[in-house]
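**Student:** Chains S and Z, in that order, give the protein sequences. Start counting the first sequence at 1; every next residue gets the next number (my numbering). Start counting the second sequence at 1; every next residue gets the next number (my numbering).
Read the hints as simulated data drawn from the structure, not as lab findings. Hints should not be assumed to be uniformly reliable.
Repeated chains share a single entry, so a pair holds when one copy, or any two copies, can fit it.
Stated by the list, open to error - Using 27 Å as the maximum straight-line C-alpha spacing, the simulated DSSO-like pairs for lysine-lysine come out as follows:
1. Lys464 - Lys614
2. Lys603 - Lys464
3. Lys186 - Lys148
4. Lys315 - Lys635
5. Lys655 - Lys314
6. Lys12 - Lys113
7. Lys614 - Lys603
8. Lys113 - Lys13
9. Lys603 - Lys635
10. Lys614 - Lys480
11. Lys315 - Lys655
12. Lys480 - Lys618
13. Lys464 - Lys12
14. Lys635 - Lys314
15. Lys113 - Lys51
16. Lys480 - Lys635
Predicted, not measured: the structure shown is a model, and the values here were computed from it.
There are 2 protein chains.
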Amino acid sequence: MSYENAWLAYQKKPPTADAAYFSSLYVEGDHRVIATAREELLRAAREMFGKDMILCENREEATISFIWDRMAKTGEEGYHVREDNGKITITSEGPKGILYGCFACIRWVKMEKPFAGMDLLEKPSNPIRILNHWDNMDGSIERGYSGKSFFFRDEKVLVNERTRAYARMIASVGINASVINNVNVKGNATRLIDPVYQEELVQMAEIFADYGIRLYFSLNFAAPMELGGLSTADPQDEQVQSWWQEKMKDVFRRIPNLGGFLVKADSEGRPGPFTYGRTHADGANMLARAVEPYGGIIIWRCFVYNCQQDWRDKKTDRARSGYDNFMPLDGTFLDNVILQIKNGPMDFQVREPVSPLLGGLTKTNQMLEVQIAQEYTGQQRHVCYLIPMFREVLEHRTYCSNEQDTVADIISGRTFHQTNCGMAAVANTGDDENWTGHDLAAANLYGFGRLSFDTDLSSEAIAKEWIACTFGTDPEVMEKIEAILMMSWPAYEKYTSPLGIGWMVNPGFHYGPNVDGYEYDRWGTYHRADHLGIGVDRTSHGTGYAQQYREPLSSQYESLEKCPEELLLFFHHVSYTYRLKTGKTLIQHIYDTHFEGAEDVEKMAELWDSLEGKIPEKSFERVQNRFAHQMDHSKEWRDQINSYFYRKSFLEDEKHRTIY
Amino acid sequence: MSYENAWLAYQKKPPTADAAYFSSLYVEGDHRVIATAREELLRAAREMFGKDMILCENREEATISFIWDRMAKTGEEGYHVREDNGKITITSEGPKGILYGCFACIRWVKMEKPFAGMDLLEKPSNPIRILNHWDNMDGSIERGYSGKSFFFRDEKVLVNERTRAYARMIASVGINASVINNVNVKGNATRLIDPVYQEELVQMAEIFADYGIRLYFSLNFAAPMELGGLSTADPQDEQVQSWWQEKMKDVFRRIPNLGGFLVKADSEGRPGPFTYGRTHADGANMLARAVEPYGGIIIWRCFVYNCQQDWRDKKTDRARSGYDNFMPLDGTFLDNVILQIKNGPMDFQVREPVSPLLGGLTKTNQMLEVQIAQEYTGQQRHVCYLIPMFREVLEHRTYCSNEQDTVADIISGRTFHQTNCGMAAVANTGDDENWTGHDLAAANLYGFGRLSFDTDLSSEAIAKEWIACTFGTDPEVMEKIEAILMMSWPAYEKYTSPLGIGWMVNPGFHYGPNVDGYEYDRWGTYHRADHLGIGVDRTSHGTGYAQQYREPLSSQYESLEKCPEELLLFFHHVSYTYRLKTGKTLIQHIYDTHFEGAEDVEKMAELWDSLEGKIPEKSFERVQNRFAHQMDHSKEWRDQINSYFYRKSFLEDEKHRTIY
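Isolated chain S (complex conformation) (with noise of 0.2 Å):
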């Protein structure tokens, strides 16, 4: 299948003053990762400007000069470009901040900023920036919605020309790692630590390396069962230590560059160390030993709850699993373990309060983990631009420090000094032509590895970067996808569920309204809403899990009052007649946001019509085609919530509008 280059397509440019900076490079410093930006440079050199750039010997005749330079004071992924009477000048500690800084000036060119005078200096926020890819071997991917892996295919692993495509994709915006396959590590997943797949591994590592990406994998928990015959998978058992450092061994010594793994255990039906009587700490610290000697990491995802509740038990709340079961193991994990914690506690819906073990923890590597593939926010079909939420999460002050409190601080490891953090990301490409879909998901792609990179950048900035390196620089484009972006997710927010309660959706596919959907269920996911009122008592009155908080925050959440109105029934029940800040009633707001929600749509469609002729033909109809979608689907949610609402409560909207 044909692909696309997203924000890496180059078109020709006009004849401008800065052509001139790319007409001859000069690189010091021999590496695999130099040798991939200088291939870039000049490939972007040729497609942008017509110009084929001469390689110089010595750095005066060089109008842009590559120098990977131990004293730069960049550290090794940061970078440093200067302009200087007509040269360009990219240094760094190390090769990747070369690449960066390649990519850094790409940008520059396709953002039309003048290069005169230029002097940036960038270093990433987060050491560890990573995709978590959910593909499978069989080609298909949980909760991929862009077509299906360029990973795997009939439980083979893909190597092509699309593998270094999606490379130079992702380390142009900063990521630098990958894991591959889905979480949930089932039958031939479970070999690709076996030699089995060795060469086509090998092939991907090594594309990988070029674009300074370490691989990963998840892992099966019950590996020792599964390939190795053992009757256990004990994380204190002898036999199992000995087959995972002996698998380790093996593994590391055959694939070059592998980061580490990525490990989903006890959770939602998979195997891990609780079978056994030990804890995660157990079960982390295992692995972790067998993969020290090798650098390795073990990323450990803190995605544990009870997935049989009964939904007549009201003291039980999965939104407490995640703390629960981890902070009493504060301390006890081993150096190279990161606890990977997802950044609300159940489950990348539109709108949740932040987990209580990000700033909870305080002897822990953290990475912070979001979800751009959009399980909960339209899949992909629907336009919902997430870094606005991610930075809301990221700016959020937990009060474990005086200063320097907020989870970006956290997960960046200068809260506690740590080097092994970051940020995680669940992919949301696939093999369509366009990776994502929806051609404007691809800013959520985009804005994940910028963000990572750094999370000082505003989400407009990241919008109109994205904006202009995809679609170009005229000022109608620019504003008008903008406008669309920013809109999106607050517009998702408004027709969908209210006021952070979550879910009612179709359990499952986790696709289009269904208020009771999970409101029966076992996966802990209520809303209790009855003739009187809805949402879930949260506080010490009720569930508790407002007390997993720090102060200021705890108490906060605990109080009708002065809890966020955007959080409001997550934490507590609510009469329908309850006035909020604004003077309306909470079933007011329901209406009035659900009403607005779908219009919200109709803008957007209507903005992105009058782009016609302007966005490559392809990509304006895709997205129109979506938008047509979208505006008849947040009209059925508008309609099921309403309904739903008033058939309950029998509650009239004062504006009179229909409701069926």
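Chain S is already provided as a structure; the job is to place chain Z on it using the hints.
**Tutor:** This is chain Z only, laid out in the frame that chain S set:
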């Protein structure tokens, strides 16, 4: 996989006087089905009495005689069994009658009825008694709850000893036809009419023929395109017509004992005549003409409705669609077309009114379709003896004539002097050892056969027969299992959706409670519950469905007071505070029946438990395990339904039981 013999399992009998009858056999008439009868009788004598019957050359010497007498006045499939002076004679006009008479004698033994003075003349009520298997060629069974298909596996047709076991089992209860493949005909199943599966299908047809069973296939209306490479399947197209004529000539020549075809057209995404602007009569008649030279029958399903409804539209009514589609065509179908009509207008709910097509149509061959696969009645994990439901349908007066106007009259051919008519059941079998998953579900398979052969048999009589044949005649066993069976359908109705409204199940797989599961869906299956009431107004003020019935039914359904209460919510939107004839409010009725239903399950489970030691262990445990689940699951139903209505209505249970 091994299999049991269900009600044909013969245990050694203690010596009784009746054993003497099974000494010698005289057979008059040479026919494969009579040969089968002979073998069945010899086997029964051997296994029950340990006796090898002697085959006699003349009638006087024999204790049992088979007499194929074309003047016997029994009809081809009827039989006359008479005992006289220590000798039994089974007489029939046709070989099938002999076989059925033979099985009647075996049943007699198993029920321990004395043969002395026996004089039994039986003629089948319905000409066609057919099973519809929804088996797919990959081995799966649509709505199958008893394992995999024993007809197909891995895209191949299976013929083995189980094929014969199946044939004798269904012939033993008088079933004379079987459609072996799913009505949703896709992929290789379209090719069953091609020579490719010739060898196996002929073998199967021969086995069926030994037992007097006609083989039927489900047909893909689009076969001329998919197999023939034509660009259309338009029934008015001459190329299409001649393609079918050639195809039918070929298939009837190749496969002996072929009865005809079942067609689901223009339904739930299946192709059909509507695609070409033709009527169902055009489609059915075209096929009928093609099979007519070979005595073939076209069974045309009337399950046609718009499955793209909008829940916001309160005028369209799925219940109306069968009548709306087919009534205008009455009288236009050829004589070898049979319309197969589901018992109710929706889809095999635990309670529905009888389809108004039954008794609406007066000039068209009709077959009643029931479903013994328990799709909506507990999926063979709950016990639900369906014969009482079928009996109610058969006894339903349609008022299409002054007398002989019941459904039983119509489908037997009595009312309109038809011969192509009868009863069909969607089968509940699979390759589970016990054939039907739940051991007690075999009573539905047995019962369907017996009831379709003799629509005058009571549910209790059928239950007694089945119990005696399956578990023996111990009075405690007989009484308790009969009690369980007779309680089971009312219990299931009590704890699931109330008063005929139906649905309230999880969409797609149709198992377990989900009150709003279909409420906002496109399938036209709504309950319209709000704060004050529930139900669908199908009177002339609503969708007008009630007007599709003849008087006095129509007026009866129109009236809130006269409407049978078990169908109240099917026809009326009713306030929760409406007083039923019992004096209870509707809401109290909902609460009470749901508590009662769950209690009934406990009673049934206790009855079963008390039979420990009297039932073969394997069977006992299988049923016990299923009862454990049913107890749990009926409480889940009770609690979800009660909570849903309590939360919506805020009307208290008068008895103050726990509602969540």
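**Student:** When Cα atoms must be at most 27 Å apart, do Lys315 and Lys635 count as within-copy, between-copy, both, or neither?
**Tutor:** Cα proximity of Lys315 and Lys635: across copies only (20 Å, versus 35 Å in one copy).
**Student:** If the cut is 27 Å between Cα atoms, do Lys464 and Lys12 qualify within a copy, between copies, both or neither?
**Tutor:** within (20 Å within a copy, 86 Å between copies)
**Student:** If the cutoff is 27 Å on CA atoms, where do Lys480 and Lys635 land: within, between, both or neither? Let me know, please.
**Tutor:** within (23 Å within a copy, 55 Å between copies)
**Student:** What label fits Lys480 with Lys618 when the C-alpha limit is 27 Å: within, between, both, or neither?
**Tutor:** within (18 Å within a copy, 70 Å between copies)
**Student:** At 27 Å max between alpha carbons, let me know whether Lys603 reaches Lys464 within a copy, between copies, both or neither.
**Tutor:** within (20 Å within a copy, 69 Å between copies)
**Student:** Given a CA cutoff of 27 Å, do Lys635 and Lys314 count as a within-copy pair, a between-copy pair, both, or neither?
**Tutor:** Classified as between: cross-chain Cα gap 17 Å, same-chain 33 Å, threshold 27 Å.
**Student:** I want to check one pair: Lys603 and Lys635. Are their C-alpha atoms no more than 27 Å apart within a copy, between two copies, both, or neither?
**Tutor:** Within one copy only: 13 Å inside, 48 Å across.
**Student:** Between the shortest in-copy and the shortest cross-copy C-alpha distance, which are at most 27 Å for Lys464 and Lys614: within, between, both, or neither?
**Tutor:** The answer is within: 16 Å in one copy meets 27 Å, while 79 Å across copies does not.
**Student:** If the cut is 27 Å between Cα atoms, do Lys12 and Lys113 qualify within a copy, between copies, both or neither?
**Tutor:** within (16 Å within a copy, 96 Å between copies)
**Student:** Using 27 Å as the alpha-carbon threshold, which applies to Lys614 and Lys480: within, between, both, or neither?
**Tutor:** within (11 Å within a copy, 78 Å between copies)
**Student:** Checking an output row: Lys113 and Lys13, CA cutoff 27 Å. Within, between, both or neither?
**Tutor:** within (13 Å within a copy, 99 Å between copies)
**Student:** Is it within a copy, between copies, both, or neither that the alpha carbon of Lys315 lies no farther than 27 Å from that of Lys655?
**Tutor:** Classified as between; 25 Å across copies, 38 Å inside a copy.
The structure fails none of the hints (numbered hints given earlier).
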